[in-house]
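Chains A, B, C and D supply the protein sequences, listed in that same order.
Counted the way my numbering counts, the first sequence spans residues 1 to 370.
Counted the way my numbering counts, the second sequence spans residues 1 to 370.
Counted the way my numbering counts, the third sequence spans residues 1 to 370.
Counted the way my numbering counts, the fourth sequence spans residues 1 to 370.
Just so you know, these hints were derived from the structure itself, not from any lab.
Do not take every clue at face value.
As the list claims (entries may be wrong) - Beta-carbon label-pair distances, calculated as ranges: (1) B:337 - C:174: 54 to 60 Å; (2) B:363 - A:54: 55 to 61 Å; (3) A:242 - B:47: 47 to 53 Å; (4) A:2 - D:56: 52 to 58 Å; (5) D:203 - C:217: 26 to 32 Å; (6) A:291 - C:43: 31 to 37 Å; (7) A:152 - B:171: 35 to 41 Å.
All of these numbers come straight from a predicted model, not from anything done at the bench.
In this text, a Cβ means the ideal position worked out from N, Cα and C, and glycines have one as well.
Protein chains: 4
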Amino acid sequence: MTKLNVAMIGYGFMGRTHSNAWRQVGRFFDTPLEPELAVVCGRDADGAQQAAGKLGFHAHATSWEEVVTSPGIDVVDICTPGDSHAPIAIAAAEAGKVVFCEKPLANSVGEAKQMLDAVVKAGVLHMICHNYRRAPAVMLAKRLIEAGRIGVIRHYRGTYLQDWIVDPEFPRVWRLEKARAGSGALGDIASHSLDLARFLVGEISEVSGLLETFVKERPLEDGSGTGVVDVDDAALALVRFENAAIGSLEGSRFCPGRKNYNRFEINGATGSIAFDLERMNELELYVEEGPDSGFRTILATDEAHPYVAAWWPPGHILGYEHTFIHTVHDLIAAVHADALPTPNFEDGLRNQQVLDAIERSGETRGWESV
Amino acid sequence: MTKLNVAMIGYGFMGRTHSNAWRQVGRFFDTPLEPELAVVCGRDADGAQQAAGKLGFHAHATSWEEVVTSPGIDVVDICTPGDSHAPIAIAAAEAGKVVFCEKPLANSVGEAKQMLDAVVKAGVLHMICHNYRRAPAVMLAKRLIEAGRIGVIRHYRGTYLQDWIVDPEFPRVWRLEKARAGSGALGDIASHSLDLARFLVGEISEVSGLLETFVKERPLEDGSGTGVVDVDDAALALVRFENAAIGSLEGSRFCPGRKNYNRFEINGATGSIAFDLERMNELELYVEEGPDSGFRTILATDEAHPYVAAWWPPGHILGYEHTFIHTVHDLIAAVHADALPTPNFEDGLRNQQVLDAIERSGETRGWESV
Amino acid sequence: MTKLNVAMIGYGFMGRTHSNAWRQVGRFFDTPLEPELAVVCGRDADGAQQAAGKLGFHAHATSWEEVVTSPGIDVVDICTPGDSHAPIAIAAAEAGKVVFCEKPLANSVGEAKQMLDAVVKAGVLHMICHNYRRAPAVMLAKRLIEAGRIGVIRHYRGTYLQDWIVDPEFPRVWRLEKARAGSGALGDIASHSLDLARFLVGEISEVSGLLETFVKERPLEDGSGTGVVDVDDAALALVRFENAAIGSLEGSRFCPGRKNYNRFEINGATGSIAFDLERMNELELYVEEGPDSGFRTILATDEAHPYVAAWWPPGHILGYEHTFIHTVHDLIAAVHADALPTPNFEDGLRNQQVLDAIERSGETRGWESV
Amino acid sequence: MTKLNVAMIGYGFMGRTHSNAWRQVGRFFDTPLEPELAVVCGRDADGAQQAAGKLGFHAHATSWEEVVTSPGIDVVDICTPGDSHAPIAIAAAEAGKVVFCEKPLANSVGEAKQMLDAVVKAGVLHMICHNYRRAPAVMLAKRLIEAGRIGVIRHYRGTYLQDWIVDPEFPRVWRLEKARAGSGALGDIASHSLDLARFLVGEISEVSGLLETFVKERPLEDGSGTGVVDVDDAALALVRFENAAIGSLEGSRFCPGRKNYNRFEINGATGSIAFDLERMNELELYVEEGPDSGFRTILATDEAHPYVAAWWPPGHILGYEHTFIHTVHDLIAAVHADALPTPNFEDGLRNQQVLDAIERSGETRGWESV
């Protein structure tokens, strides 16, 4: 089988999920190309070397500039913090590589536009890793909506709640710095709710946003004092979709007990759908069938459900990391077919534009068009 | 025991819940006054007579003007649609009666102010029937919050979802007419989410609202054609509380499968609380206690829980109508103590002001102060 | 309307539920006879007098022998502990009264037989109060099974779990004395699981039982020392039904956190049904419809559901006490039609025979036929 | 790092889970030995070759006799149907290999004894793969019980329900043949409930069993007619533990909607624990703390929870296959320490003895000692 040589830039949390996906996909799915974990790249040589060993890469490197232009590389997989996505992606595109980028695409609309321009100009394939689209239950939701099971959509309600910084003594990590992360809960988690809204409901036309930082100063990680938190701890928005549906989005890291509560509910004219990432193998479906109707819990582990046939018998659940394997699976198929996968940089830009509108609305205190 | 003579105006849905409360309260609680169902009043003599028999009133009447000034009456209980609350309440107050009024207090802020002025001027006791405050689980939530179990509150998330008009062929009943009902989902159900927000979190300072009418014309009930729906089918708002908490409110009658889904979640600095009226005997509580913490389901049916000692052993659940019995119980105690009960017309006015701000915001497309 | 004069013997926990049912039934349902709470009877004159006032009876008495033969009485409602059911019921039958008796029918099969003989010989109507049959969700389960929605039944799994005597310092109340209560968890709560099994699945042919007493001695209520617990704390049984279904029954008062957990699951050839009394307004239904099937939660509060039309709109839940109101409703209809209601003393005897077989099996350590 | 060369016999469903475990364990955990997927063995050369490629083995073979005596092999991992476990395990033991065997250990007590004798005589390490012990939530349950959080255990209630053969036209696969599978639901799934009972509660002393075959004849897989089903479709048992706890076990493949419903509930003197494999990342815990107690849902995804630190942040759930990775992780550690892992062949034998007692009891219709 033809090899697909992958260079991964960054080896933190996302580097672990992506590399696992590349390693595992061929063990369970029949892929038309065989991914090779060619090289992992990081600024720290020792760290990169250890990551290569642990994650199964053939080689390691410290200069992403060299890696992304290396002739042996087919795909550049970007797993760094948001502030370096643009330069890496643009260089990779210019070098003719397939570019696979973690979300959010960039820290600003301007960067995102440049990135999209670069991949379009270079004529390379591109994909953004909004992995939750590819939880089987979410893809099943998409299928049910497209089949008309819940009718025309009226409501979307998306909340992504966590609690990891609720303690004011939790340090000011990079995700709490605007210069590194771009934004706080908005870009990190509400962006998932947003991407799912666009995937399942449609494009958002305008927003009214509210951003709040509850703890405005935190200890620095190195113990040298305190630092300012200049990103949002929580972000909420009312939204209007182009198709006349209405909805709300929320991301917050200040919700005790909510660990990874990426939940949405969609109400259509004849039914409803709900999902919660903490129970990601389940999809709640209500279809109006008279008085004995009720929300049913579909255990999305049947071989008829998206991606499941490659795995285990019904009721044997999948985990978080599988969403990345499915994403990589579809990316490989797209590369083989030379077809643009989704979500791609256009989605990344569009998402960024909505996030930007929410931020603007938080300042103007009025509705903002996307 | 001293009697408390009650005149009830209106005998529809709310008339049934209120009369049941007056009949039942003394059978389970020890009340300092004994309520007597003196008279029920309605415009239709036959209907009023039948209601008197069915609901257990000694007499019936057709003129509320006469009833509210009748010397034998102690309490006037107003169960009519919102457009008649003001004249009845004002007349009752002027006649020196205790005034007990269904929510919403009025169809406009102006009316609500007049009503509050009237009861204050007359020096009579007054109460608005926001019955859900007195579900044992909700009162337990209040108790836990006041005891500091979840710390300073950061988030309130209130949704009240139903589905009874999702069919576009459902007729244009009075609740869909602005002249009768004042507003749609906003005043009917979002107002409950709002009242619970004020009860459990605090006063709301400003709002950003979104109102939508999905089905703008419906068949008339008499079959004579169609009529315009001039109230909202769904109402959403972002809110800021005076105490720096933030939140959202939503009421919609277009959510298939949600029958009476009055749900709220509150996140504090050290814990969270959630409630769903469809499971009104349960309170979900999360208290941060290390890695083995988790949302617990308190079955609020213990004799130590509010109001429960009067009822059944643990695990024997209460129903919707009990919330009215508890409300009436507290009203009787207040009358006996000559003390102002809560929620009262001040709450009714405050609620109306928030609803009004949401409506205004829906038009101005900006944040509105309450 | 013709009156139906009710004499209630006993005014404890069950006296409160029964009297409430008699008082409330006509306020919500149209009944063909109008129940009158004629007299309440108890051994203690003061207690009976207070009960009469509190529960709304016209009179009180201390001699059940006189009450049950009083010419003005139509129905004798027996709410005493099990050891007095037989003499009261037999006397009431001989006096030609309708006999309505709390469960369990008696403390032994012999007594139960005598009671059935007495009502049959006297030609009077009789009913046993297994109120949970008349939770709307349970009656809906019956309807769905009869409509063939889950096919031929293979499995019944019934557990009734509580935790009120888990503390070894909890006193030795009458329910823990064999002479008063007949048995422990077996007759008190497992009997409900059993009755529901017979109602929903069919007759039980043989059983293998296990009974256990975890705390064999407890403080006496009067503080005068300790007393022996000679009833079971927990009772389990495997059962075979006449129709070839198999199942299990369990009652235990030693399950921390289970307050009133009367749960059953039924598996048929094409579907499944589950119910939990702590969420008594809900019925879980699974019907095989391909990969997108799932257990649905029916909120059994629709006007199309059994008994619900008399109450509130969808989603406004009912409570524990409503099951008694529905039972009394059906008893009144049966009396008016001069038709034998169900469950009646035949069911009471049959239930007793199964309980007896379980106790015998616990001793013989082998399967026992019913 | 020292290599640990693994030979896997069989490459069906269990072969896929085991090989994945061997491949993945070192990517996430720091293991003291490095497993090498040396060879996979199957009767069909083509199949074995394909399996080697797909699952990542260096080589393939068709003779397990040769493989298990091959000097380069350290561990023999047995993933074949139960009827071949004994000869393979015994030969592997005699060849001095570590023996890792899928459950059930054997198809009879006699075989299981021979296997245990063989490994003891040979002085080799041995383990049986009851993988569900190593779901983090189950291991957390163990930890909580050992810490005394729920007190002395009184009740164990284990059910393992599936629905994959509810259709009578489903063919007579090998799992429905006694000669191949040993038993039906009993050995396949009730054995998991049993193993968890022994792990969490203690040894079982006696049982009363009930076995049933609902569909006694099914189409053959090759279309050549029908074949007899000579194993149980469902198996139930009442059990007594040596420590005075009581319980029940059930396995059934005839429960529509239950896909992989391996559920248990344990009631102790001061608390309760419940688990459901379909939501395997959650543990339900009740600890008596007064009226505001309630069952809490612990999302067992915190780094403080067993095995979790190697994976993802809180709320990012694990799947079915992770239980095997954890099992292999502990096996490797045991091999490195030259210490006997658990569960091992002693557990396998003990489990087999209980299953055997249940089968005997089903025939004798009385309690059977283990």
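Okay, the hints, checked on the actual structure:
| no. | hint | in the structure |
| --- | --- | --- |
| 1 | B:337 - C:174: 54 to 60 Å | violated, 39 Å |
| 2 | B:363 - A:54: 55 to 61 Å | holds, 59 Å |
| 3 | A:242 - B:47: 47 to 53 Å | holds, 49 Å |
| 4 | A:2 - D:56: 52 to 58 Å | violated, 19 Å |
| 5 | D:203 - C:217: 26 to 32 Å | holds, 27 Å |
| 6 | A:291 - C:43: 31 to 37 Å | violated, 47 Å |
| 7 | A:152 - B:171: 35 to 41 Å | violated, 21 Å |
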